[in-house]
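2 protein chains.
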Amino acid sequence: MAENKKLVEQITSRDEDFAQWYTDVVKKAELTGYTSVKGCMVLKPAGFAIWENMKAELDRRFKETGVENVYLPMFIPESLLNKEKDHVEGFAPEVAWVTHGGLEPLQERMCVRPTSETLFCDLYNKDIQSYRDLPKLYNQWCSVVRWEKTTRPFLRSREFLWQEGHTAHATAEEAEARTVQMLNVYADFCEEVLAIPVVKGRKTDKEKFAGAVATYTIESLMHDGKALQSGTSHNFGDGFARAFDITYLSKENKLEYVHQTSWGMTTRMIGAIIMVHGDDSGLVLPPRIAPTQCVVIPIRQKAEGVLDKAGEITAALKAAGIRTKLDDDNSRSPGWKFADQEMRGFPMRIEVGPKDIEQGVCVLVRRDNREKIVVKIENVAEEAAKLLETIQKDMFERAKAFREEHTFEAFDYESFKKAVDEKPGFVKAYWCGELECEDQIKADTTATSRCCPLIGGEAHDGDTCVCCGKPAKKLIYWGKAY
Amino acid sequence: MAENKKLVEQITSRDEDFAQWYTDVVKKAELTGYTSVKGCMVLKPAGFAIWENMKAELDRRFKETGVENVYLPMFIPESLLNKEKDHVEGFAPEVAWVTHGGLEPLQERMCVRPTSETLFCDLYNKDIQSYRDLPKLYNQWCSVVRWEKTTRPFLRSREFLWQEGHTAHATAEEAEARTVQMLNVYADFCEEVLAIPVVKGRKTDKEKFAGAVATYTIESLMHDGKALQSGTSHNFGDGFARAFDITYLSKENKLEYVHQTSWGMTTRMIGAIIMVHGDDSGLVLPPRIAPTQCVVIPIRQKAEGVLDKAGEITAALKAAGIRTKLDDDNSRSPGWKFADQEMRGFPMRIEVGPKDIEQGVCVLVRRDNREKIVVKIENVAEEAAKLLETIQKDMFERAKAFREEHTFEAFDYESFKKAVDEKPGFVKAYWCGELECEDQIKADTTATSRCCPLIGGEAHDGDTCVCCGKPAKKLIYWGKAY
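Those protein sequences? They're chains A and B, same order as listed.
Those letters in the first sequence? Residues 1 to 482, per the working numbering, in order.
Those letters in the second sequence? Residues 1 to 482, per the working numbering, in order.
The hints are simulated quantities; they were obtained by calculation from the structure and are not laboratory data.
Source: prediction; values computed, not measured.
Any given hint could turn out to be false.
Stated by the list, open to error - Simulated pairs of lysine-lysine, DSS-like, Cα-Cα distance not exceeding 25 Å:
{"#": "1", "chain 1": "A", "residue 1": "K325", "chain 2": "B", "residue 2": "K85"}
{"#": "2", "chain 1": "B", "residue 1": "K38", "chain 2": "A", "residue 2": "K83"}
{"#": "3", "chain 1": "A", "residue 1": "K63", "chain 2": "B", "residue 2": "K55"}
As the list claims (entries may be wrong) - Listed next, the stretches of chain A that the computed footprint assigns to chain B, with coverage defined by at least 3 CB atoms under 8 Å from CB atoms of chain B:
{"#": "4", "segment": "64 to 75"}
{"#": "5", "segment": "86 to 97"}
{"#": "6", "segment": "350 to 364"}
All C-beta atoms in this analysis are idealised placements derived from N, C-alpha and C, irrespective of residue type, glycine included.
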């Protein structure tokens with residue numbers, strides 16, 4: 001027991017020092033690694049496999065809505081980046097510039113894409129002529145670069161992996177419908193697969209994407225009470241189309257500008273999984289995203305028949321489609337293996353020893369609440385599958401209850417400031433709609449407007465701005481954020 | 001008929017102008033697109049979907065051999081690239097350099113990865129301590145950049161997509177075995193999935209990878225008789241390990257250098273599919289890699305029951321796992337649709353009209369040889385599945401026969417030069433092993449040594465070098481290459 005205690009002791013207590021706990025979990029679960037490339041992370045097998053599962057789930061959902069995958073260049077010539085004014089202002093300060101190709105200086109420097117609106121516009125300008133060419137529903141999986149000063153694994157790094165969808169439509173209505181549709185895809189994915197409850201909402205003008213008419217967002221709450229922007233979907237109207245001259249000939253033979261959207265989700269969500277579900281023993285992965293869903297750990301594995309039975313159980317689970325590993329390492333004790341499994345966040349383990357086998361049973365142990373369930377070996381695959389579903393559901397419900405317990409309301413500025421200061425979480429408060437108040441709140445509390453929720457976001461007669469006291473226009477979720 | 005004739009006429013004849021034919025096919029099948037980023041290609045949905053299928057097939061095969069996926073930074077600091085002498089000499093002249101991050105110049109410039117040996121070494125230096133950490137069997141899917149002067153879609157572009165496997169092993173024997181194992185994975189993939197026969201062989205010292213002890217290659221033959229290097233697998237010995245100080249403590253408690261390999265395959269293989277299988281009507285995709293395997297085309301689709309029956313057939317094929325589309329576009333004639341299907345290379349179409357329906361049949365038309373097969377509608381899914389397998393097999397056999405007909409032997413320099421000059425294809429000829437003769441052959445004929453075949457590559461007593469006439473060491477496949 002000393003050995004596995006030591007394993008776990010290497011993880012800082014979550015309540016004592018959340019930031020250090022996070023770093024410890026990322027490291028001990030071997031999700032990322034480091035090279036001499038400053039500010040850029042390595043996704044090691046355990047981390048990358050989570051991304052692969054996210055990718056498969058999202059990609060399937062995108063394709064069900066008609067989206068097609070493409071790949072565009074990673075470089076953007078400076079003149080192309082400069083074409084849309086708001087956009088270049090938003091991104092130019094944080095891009096990496098390529099100035100030499102081979103041994104020669106480039107005639108025009110190029111940045112490594114921080115996002116690819118300008119490239120998709122360049123392509124659409126060439127590829128869209130007629131209403132028959134619409135809609136374009138393109139997506140790409142790639143990495144992007146933003147030259148951040150301070151970085152943290154998954155949450156902020158100079159290069160990160162993401163997908164970026166870019167669509168072009170005949171009408172403003174279609175573009176708006178697609179923007180909201182993709183927000184819903186993200187929200188369903190987070191809740192159903194990552195077991196992370198989200199608030200769907202719209203960003204204020206201050207917080208919206210550079211060049212967008214409207215930015216929709218899903219916001220989730222981490223265990224330390226900070227908010228994390230978890231996915232965004234932007235409606236560009238015809239702003240980019242005007243800047244890049246993307247027109248089509250309508251059925252009525254009129255030349256019209258297209259209406260565009262973009263939407264993205266990133267490896268940052270691996271950070272969200274850690275910060276929503278993790279505990280003092282390490283990572284806790286929701287079953288649907290876990291690369292390994294179950295580890296079978298033999299007890300007294302040298303005893304006759306134990307390893308065989310553990311192998312049979314492993315095979316039965318695999319045959320039922322459960323991602324299962326047998327941990328038959330001779331040089332480690334079961335206690336060490338339990339601690340290791342908990343640290344890596346595998347949702348379930350199965351313990352099986354000579355006494356269990358005598359009785360024809362084995363023990364399923366849940367990672368999320370450590371509950372032990374004795375089941376008949378003959379039913380193990382069925383019971384394991386059921387239990388994984390239960391774990392998935394319970395993890396979501398627990399995260400949702402946590403968020404609800406950490407969502408507060410404030411109707412005057414003193415209680416608002418007190419709430420932000422003393423109660424980590426979201427604070428719901430009315431707002432007049434003026435940038436001045438939004439800036440004031442940020443200056444006074446460091447909280448930012450996360451979003452105006454899609455449901456219940458309108459203010460009613462008599463509601464007043466929590467900052468200036470004037471009539472309110474919107475309800476806003478405020479919070480300190482990553 | 002005029003309409004579909006016109007469609008096809010837009011493709012140059014393959015035998016008249018192979019290069020223009022290639023460009024036409026790429027364009028008409030909508031595989032790639034262009035932006036203002038010079039020398040970099042866009043993979044449009046039809047092109048990217050082929051890559052997605054290649055990726056899925058290869059990834060599964062890699063994982064079956066124990067390989068795990070990771071992701072490493074896209075940037076390489078100059079000092080890191082410089083660590084292995086041969087390697088930097090090979091790549092430095094063709095990399096793109098990032099010199100500024102955000103608004104500030106970088107302290108040290110970084111290149112965008114042309115390949116990631118140096119980064120994997122940097123990671124392995126940190127992550128490998130003991131024999132317990134070995135082997136490392138990592139792979140990544142990413143894009144790389146090489147600043148080429150002249151570019152062609154798929155075959156040579158400044159940025160391309162690939163996978164790069166990088167492994168580290170305890171012994172030289174394990175590294176060599178892995179190098180050959182991955183070559184075999186590539187060869188099987190090319191032959192079984194892409195229907196492209198390959199010659200497995202070893203590169204001469206002149207042609208091997210910068211920093212490798214041995215480079216293995218698979219070489220395929222395009223329809224114009226030029227060779228295409230289709231996948232390479234490198235054994236680095238402990239050269240990189242010495243340059244990057246990657247050591248491990250052995251079971252015997254001795255500090256040893258690791259032995260490494262790397263291996264890669266790229267989007268270039270989409271070019272190979274085009275150039276091996278395509279014809280004057282456009283692309284011809286092998287069924288196993290085709291994103292759309294079958295198009296159902298209703299004849300007289302406004303006639304009662306036709307569209308319903310075409311829909312039923314489509315559903316039956318989909319249910320059988322055949323990637324099928326129904327082309328029910330009202331504004332196009334069947335003839336136009338046939339030409340369109342042929343241009344895009346879908347391996348099979350199904351025609352069904354009122355007369356067919358009366359008789360309870362439909363017509364399967366093969367893309368590869370245009371053969372028509374009438375089948376009962378009730379058996380259509382089964383017949384279609386069988387036919388796709390036949391097409392796959394026939395395409396491979398046809399390509400193999402073509403390669404055999406275009407593989408020549410030469411025993412003296414005059415007939416060698418004549419063969420290279422007059423008979424497009426491989427020329428098999430003995431070689432003394434001296435760089436001087438290899439250079440001479442290239443200077444005289446533009447043919448390069450493609451490989452020494454793994455089977456039958458040794459010279460026997462009495463065999464003489466085709467160039468200098470001295471005793472031969474090896475049999476070499478020579479050819480002009482892409």
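Checked hints:
Annotation: proposed proximity of K325 of chain A to K85 of chain B is violated, straight-line Cα distance about 42 Å (limit 25 Å). Simply put, K38 of chain B and K83 of chain A have alpha-carbon atoms about 18 Å apart, close enough for the 25 Å limit, and the pair holds. The suggested pairing of K63 of chain A with K55 of chain B holds, with an alpha-carbon distance near 17 Å, which does not exceed 25 Å. Judged by the Cβ-Cβ criterion of 8 Å, the segment 64 to 75 of chain A is covered by chain B as claimed, because 8 of its residues qualify and three suffice.
Proximity of the segment 86 to 97 of chain A to chain B, defined as three or more residues with a beta carbon under 8 Å from a beta carbon of that chain, is established by the 5 residues found. Check result for the segment 350 to 364 of chain A against chain B: violated, 0 residues qualifying (beta carbon to beta carbon below 8 Å, three or more required).
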